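Those protein sequences? They're chains X and W, same order as listed.
Take the first sequence: its letter number 141 is residue 141 in the working numbering, and every next letter is one higher.
Take the second sequence: its letter number 98 is residue 98 in the working numbering, and every next letter is one higher.
Because the hints were derived from the structure by calculation, they are not lab data.
A couple of the hints might just be wrong.
Ranges of calculated distance between the beta carbons of each label pair, as one might list FRET restraints [unchecked claim]:
(1) X:Asp162 / W:Gln46: 23 to 29 Å
(2) W:Ala143 / X:Glu75: 46 to 52 Å
(3) W:Phe68 / X:Gly144: 46 to 52 Å
(4) X:Gly159 / W:Glu105: 21 to 27 Å
(5) X:Asn181 / W:Phe57: 22 to 28 Å
(6) W:Val82 / X:Thr155: 20 to 26 Å
(7) W:Pro6 / X:Glu205: 17 to 23 Å
(8) W:Gly55 / X:Asn65: 47 to 53 Å
(9) W:Gly55 / X:Phe57: 41 to 47 Å
Just so we're clear, the structure is a prediction, and the values are computed from it rather than from any experiment.
Here a beta-carbon is modelled for each residue, glycine too, at the ideal position from N, C-alpha and C.
Protein chains: 2
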Amino acid sequence: MPKQIPDIVISRLPTYLRALLQMSQEGRQVTSSQELGERLGISAAQIRKDLSQFGEFGKQGTGYNIEFLANQVKEILNVNRVWDVAIVGAGDIGRALAGYNGFSERGFRIKMIFDNKPEKIGTSAGGFVIKDSKTMKEEILAAGIKMAMIAVPATHAQGVADQLVEAGVKAILSYAPVNLNVPAGVRVQNIDPSIHLQRMTYYLEQ
Amino acid sequence: MPKQIPDIVISRLPTYLRALLQMSQEGRQVTSSQELGERLGISAAQIRKDLSQFGEFGKQGTGYNIEFLANQVKEILNVNRVWDVAIVGAGDIGRALAGYNGFSERGFRIKMIFDNKPEKIGTSAGGFVIKDSKTMKEEILAAGIKMAMIAVPATHAQGVADQLVEAGVKAILSYAPVNLNVPAGVRVQNIDPSIHLQRMTYYLEQ
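Work the whole structure out from these sequences, hints included.
Structure below.
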């Protein structure tokens, strides 16, 4: 069994990967922990320490091969494959997510979108026909989808999360500004702009 | 001068505040670090340790008064006041942010929204008339706005960030999936759904 990697290390890897892919798009081939650190506002030592948890990815003094390291990080994060994702909620955020074309190169593919409003069901969002959320559980189960994004009002979010869990979803990204309760074995990430803004106001001068 | 609080502690406070406000809305008056911890998936000891950095907020054995603690955390985070925020980019995300009514109770007020597309300028988004981004710097400067959200394509994000910095903005929440470079004294937070999804795929079974 592999050793347990702290979640805080895992949480930084996607940012490293994004920076590496950005460098790759700029036509770059080699980078260093110093350069990565400067781009990300993280110390070079931290980056070296994080990466060393998974093996040796660069030679002392010659830096990292960007493409090689990016592929290694993809493999660690399990995004050297494509994950199907369901969206629940076809409001502004749900529609924006359905129409966003940046997922495919990061390991994700939107597969279906649901809403409970009769006037929305059957209409289009981001190239998908909006499905009735009454059918959500069976459709997600049948498609074997393990990831979902919740973009419904706060009051509905827990109910939706419960159904997603019953449908076999193991990872939920929620845009609803509430804390969701899920059983062990299911992971939740939250995107709440107020939380991010409040993380910065602490540092602002009054 | 007050002691330096680790950023990781600050990063958890907004989530505590959100949970406290949620309890308050449920009509609750007292909570404990145990209950907060269960709601948030954080250990009670961690919560007590974090809060103890700022003083004594509860009595041993009697728990925390929810309203009092919420107000204290608001004060620590500087959100016992209202911050004006500018939005740059009136695409799907920018429009969703402009129309979102959850900011006011969390300490923020959207003040203006900008776009560079002639066909969007002068039209409405979330109750705001979209302004020409050519006027962004002077308008933000004149209004004394210190916070902004960037919702423009990745290729435009750094240019927008540079202008915001020149306009005196000190805190940027970016929805563009790129690493922004800003001078010392300016803070950036990123919201990138792929990053959050990739933080979870590590834990998913293949």
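Each hint, compared with the structure:
no.	hint	verdict
1	X:Asp162 / W:Gln46: 23 to 29 Å	holds, 27 Å
2	W:Ala143 / X:Glu75: 46 to 52 Å	holds, 48 Å
3	W:Phe68 / X:Gly144: 46 to 52 Å	holds, 48 Å
4	X:Gly159 / W:Glu105: 21 to 27 Å	holds, 22 Å
5	X:Asn181 / W:Phe57: 22 to 28 Å	holds, 24 Å
6	W:Val82 / X:Thr155: 20 to 26 Å	holds, 24 Å
7	W:Pro6 / X:Glu205: 17 to 23 Å	holds, 20 Å
8	W:Gly55 / X:Asn65: 47 to 53 Å	holds, 50 Å
9	W:Gly55 / X:Phe57: 41 to 47 Å	holds, 44 Å
When each numbered hint is compared with the structure, no violation occurs for any of them.
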